[in-house]
Amino acid sequence: MEDAEFEDILDDWFIESLKTYKDLHVYQLEHPTQVLEWTSGKSVCVAGYSQSKNEILELRLPLKLLADENKSLCAERDFKVSHGGFTDGPVRCLTHIPGTRCAVTNDGLSSDLQVWDLGGEESDVIRRTGSIKGKRSASERGSRIAARPSSAPQVLHGAQISDVQLTELASGETLYKLETDSADPLSSLQFVSDTVFLAGCCNGSVYVADTRTSAPPQLSHSPSSDESVIWWTDAAAGPHPSSRRVIRVSSSGQAVVSDLRNLGGAGCQAQLDVQTPGRCSQVKVSWAPTLDDCISVSGFSGVVQIYNTCLWGAEPQEARPLFEHRGHAVSSQQTDDSVPTVVTSHIWHPERPRTLLSAASDGSVHVWDWVDPDRQGGSPTP
Amino acid sequence: MPEIKVTPLGAGQDVGRSCILVSIGGKNIMLDCGMHMGYNDDRRFPDFSYITQNGRLTDFLDCVIISHFHLDHCGALPYMSEMVGYDGPIYMTHPTKAICPILLEDFRKITVDKKGETNFFTSQMIKDCMKKVIPLNLHQTVQVDDELEIKAYYAGHVLGAAMVHIKVGSESVVYTGDYNMTPDRHLGAAWIDKCRPDILISESTYATTIRDSKRCRERDFLKKVHESIERGGKVLIPVFALGRAQELCILLETFWERMNLKAPIYFSTGLTEKANHYYKLFITWTNQKIRKTFVQRNMFEFKHIKAFDRSYADNPGPMVVFATPGMLHAGQSLQIFKKWAGNEKNMVIMPGYCVQGTIGHKILNGQRKLEMEGRATLDVKLQVEYMSFSAHADAKGIMQLIRMAEPRNMLLVHGEAVKMEFLKGKIEQEFSIDCYMPANGETTTVTTNPSVPVDISLNLLKREMALGGPLPDPKKPRTMHGTLIMKENSLKLVSSEQALKELGLNEHQLRFTCHVQLQDPHSDADTLHRIYTHLKSVLKGYTIQHLPDGTVIVESIVIKVSSSAEDSNTKVLLLSWSYQVKTWTLFLERFVIIYSFKCSEQQQDRELIDIQWGGKKIH
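Protein chains in written order, with numbering that gives the first Met the number 0: chain E, 0 to 381; chain A, 0 to 618.
Incorrect hints may appear among the rest.
Unchecked claim - In silico SDA-like links for lysine to any residue, alpha-carbon gap of 20 Å or less:
1. A:Lys222 - E:Ser49
2. A:Lys222 - E:Asp11
3. E:Lys70 - A:Gln497
4. E:Lys79 - A:Ser389
5. E:Lys70 - A:Asp105
6. A:Lys223 - E:Leu290
7. E:Lys79 - A:Lys418
8. E:Lys79 - A:Thr204
9. E:Lys70 - A:Lys126
10. A:Lys126 - A:Asp105
Said to hold, decoys possible - Under 10 Å between C-beta atoms, here's a sample of chain E residues computed to sit facing chain A:
11. Ser16
12. Asp22
13. Gln33
14. Trp37
15. Thr86
16. Arg91
17. Val366
Unchecked claim - Footprint (simulated), chain E over chain A, 3 or more residues, beta carbon under 8 Å:
18. 101-107
19. 382-390
20. 415-426
Just so you know, the hints here were simulated from the structure itself, not pulled from any lab data. Keep in mind it's a predicted model, so treat the numbers as computed, not measured. For glycine and all other residues, C-beta sits at the position ideal for the given N, C-alpha and C.
Build out the structure end to end from the sequences listed, making use of the hints.
Printed below as a string of structure tokens:
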């Protein structure tokens, strides 16, 4: 038997994966996506980012992944394209409005937003229903978008900190504007409660404000004075305000965790084990929704890393990831070898503790349920 | 207008049986004749009443084509040919012809012997049906009759699966059956040339899915086998000789080697004999890798996999066994299953679909207590795993196939229109072709634009070239004038002069005339001159002549002026034009009429007058 013939299926990563993943699904989209957004516990939206026409797709997760008791009797491993539509430009940011079949996108070229109806039972077509004018007609990075968690459909959006505004979707009315003069471009925007939001700037400074008041926002300066470095931020959505933590990750691999109520105060830090520090534009950092203290990072290379922050101390030390998903790098479908595959986005499943989805620049999308190395070898993980 | 009609037989939304009728160029063709595996009564057969209310189908069908041996594509064939009645040709590839009867007989046995059904075809009927089969080779054009020709293309999917190209005159249809656009471990990928059929017919079942990679399916298989072996369990894998057995064996063999595993793996000898026999027969239908391997040695010669003996089933310790038949309905696989079912450490992996009535079907539906012969019940304690390895195209695959074949129209069967609007839009946008989605039982009519080849006389061709303009381009049709002469089987386009000469006729010219009244006190000559001057100023770029014989000629339109007999202030304009310049004249008329208004401005009555010309109102 010629081993060389079958090396493609039995490479080291593949063999390792038998023990390191409970579930693993690998898909190839026709066009790569930079956005991954849940529209329900069972479906995600993806969208292309080429210069002209692109597709927005709503994909239903494979039945086998979701089936719990009858998993072994379910053979269905494929994504179902439940709804699809066409856009006129790239999609760099996509946010689903909770409780609706509505999504809002931004093309990364200006700060205008497009509003979409994702379609229901009667049609599988995603249609554009309107737009929201942003402050800037031309913008290098485009706007960040955050949907208000409850109440009537409203979106918080802006390309830079001084542009941040809350717009009501139905009327287009501006309900709130962030009062600040700073023109720092944003790298993240999210609600931490129904009215309080956090805006992370590319330079590392973080603003916290309340949409109910016109009082100036709380500002926490960047952890670093190095202006060449870009920062990304994520706030944990814990049940208690006291457990709300914020993590900031820089393009040089520095990670800083602080408490939402005391952003400037002492938290913990680490130097992440990232292969190509400095050369990235799509870093994503995310707190795990159900695993305490765990964060995930992607965008530095073709790998998604998971870290346990409770191992970090007050002084920045090199941190080793708890788990690495190397699937995109190892089984890359990229035709051009000179351009390495980079993970463009990843998200955690809102309920299943260790299930993530990740997408890369070669059009691949992986769904994976990883095994905690510390619990390996014991009884089957729940 | 010439048209092609396509009707998927069946009712409502049900997916699960393929049987499509195509009417093209006066020929009727049945594509596939599948059984619906979910029904126990007559609903499992296609509804042939669409073709004829009663009686045999022979007179109504020119041929039947079967794409591959899966029961949902050929399961109703013996019923159709022997019980409803059809004596015409049935076409399928060589491997399909060899394998179909085996599956049909198996299926018959299960349905009649196990389930006790009566209205079903018999073994003899299967044999009689297969006598009507004419086998096809790949890429070979077969003349069904003087006008209808068919050709088979490689479809991947399963051994012997084909896509079929059907042509009558210059109209054609391609039916894909089930196909796969990515190569398999033992089969290649589907391929077709740029045949540009009028319609490409395909299943929509997988068109809205994105397939999980083969690697992950294999990973799941290996993981499950490994976990069972590690805990000391036995793994039974019931397989059909020509299904995934070969692939799964290769996979396990390589894995065992890599992981240095010691547990024995067996396959039943019946399996290997049959498989070897068929692969030898149909080696050209497998892919490069398999062909290379086969040349070197026996298909089933493995280091870690050995021939099975009945007694081994009682051996202690872990092991893996591949055994037939695939649905656990009889034979060795069922025997082994009965022995191993009671131990929860064991596992059975079902790699494919199981027909109703089989044990396989029952356990895949979660049944944990089975009734066996002699009223004995069997407790199913072992782990049951359902895995799907079948190779199907997905959304990306359909787009790839359309790009390859370049059809003029797309037709998707077996889908709900509401759930395929996006795909339809995508196909229409990317390829600028219409996409049809008939419901079962509904007929779609596609108008075709067949090209009719015609000989053209050299003189006519030279004359057209002399006119200048862009060179002939298949994408930009150019209108030309000529006379078409149809003599016997030839079509000839010649100039009108030549045609008249050949037919011995004189040329006649049709000229249209029209009178327009004007109020103008001037003399006839003056009026004519003013019209001439006016036209010259507004119709720049056109040849306008004022001839000494008292006429104005605009290109080839003649204008004459004369006075009305009753009133010298009323002028009558005579306009005359030949057939070709009909629309031109309308244009000219309007100017004349507007001019007449100018003349009448002197009148006090400035009412707008309705002017009619040829029934159409001109302001």
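Verification of the hints:
1. At roughly 38 Å between alpha-carbon atoms, lysine 222 (chain A) and serine 49 (chain E) are farther apart than 20 Å, so this suggested pair is violated.
2. Restraint check for lysine 222 (chain A) and aspartate 11 (chain E): the C-alpha separation of about 15 Å stays at or below 20 Å, so the hint holds.
3. Only pairs whose Cα atoms come within 20 Å are accepted, and lysine 70 (chain E) paired with glutamine 497 (chain A) is rejected, the gap being roughly 79 Å.
4. Of the supplied pair hints, the one linking lysine 79 (chain E) and serine 389 (chain A) holds, its CA atoms being roughly 17 Å apart against a limit of 20 Å.
5. Restraint check: the Cα-Cα separation between lysine 70 (chain E) and aspartate 105 (chain A) comes to about 29 Å, which exceeds 20 Å; the hinted pair is violated.
6. At roughly 27 Å between alpha-carbon atoms, lysine 223 (chain A) and leucine 290 (chain E) are farther apart than 20 Å, so this suggested pair is violated.
7. Pair hint lysine 79 (chain E) plus lysine 418 (chain A) holds up; C-alpha atoms about 11 Å apart against a cutoff of 20 Å.
8. Taken as a hint, the lysine 79 (chain E) and threonine 204 (chain A) pair is honoured in the structure, with Cα atoms around 11 Å apart against an allowance of 20 Å.
9. As the CA atoms of lysine 70 (chain E) and lysine 126 (chain A) are separated by approximately 41 Å, the hinted pair breaks the 20 Å bound.
10. Using a Cα cut-off of 20 Å, the hinted pair lysine 126 (chain A) and aspartate 105 (chain A) holds, with the two alpha carbons roughly 13 Å apart.
11. Here the hint on serine 16 (chain E) is kept, as its CB sits about 6 Å from the closest CB of chain A, short of 10 Å.
12. Interface restraint check: aspartate 22 (chain E) against chain A, minimum CB-CB distance 8 Å, threshold 10 Å, status holds.
13. With a cut of 10 Å, the hint placing glutamine 33 (chain E) at the interface with chain A is violated, because the nearest CB-to-CB distance is about 18 Å.
14. At its closest, the beta carbon of tryptophan 37 (chain E) sits 17 Å from a beta carbon of chain A; the interface hint therefore is violated under the 10 Å criterion.
15. The restraint placing threonine 86 (chain E) at the interface with chain A is violated, with a minimum CB-CB distance near 12 Å, outside the 10 Å limit.
16. Because the closest C-beta pair between arginine 91 (chain E) and chain A is about 22 Å apart, greater than 10 Å, the hint is violated.
17. For valine 366 (chain E), the interface hint holds, the least distance from its beta-carbon to any beta-carbon of chain A being 9 Å, beneath 10 Å.
18. Figure legend: the segment 101-107 of chain A, annotated as covered by chain E; annotation inconsistent (0 residues with Cβ-Cβ distances under 8 Å, at least 3 required).
19. By the rule of at least three residues with a Cβ nearer than 8 Å to a Cβ of chain E, the coverage given for the segment 382-390 of chain A holds, with 6 such residues.
20. Here's how the segment 415-426 of chain A fares: 8 of its residues keep a CB closer than 8 Å to some CB of chain E, so the rule of at least three is met and the hint holds.
The structure is inconsistent with the numbered hints 1, 3, 5, 6, 9, 13, 14, 15, 16, 18, although it conforms to all the rest.
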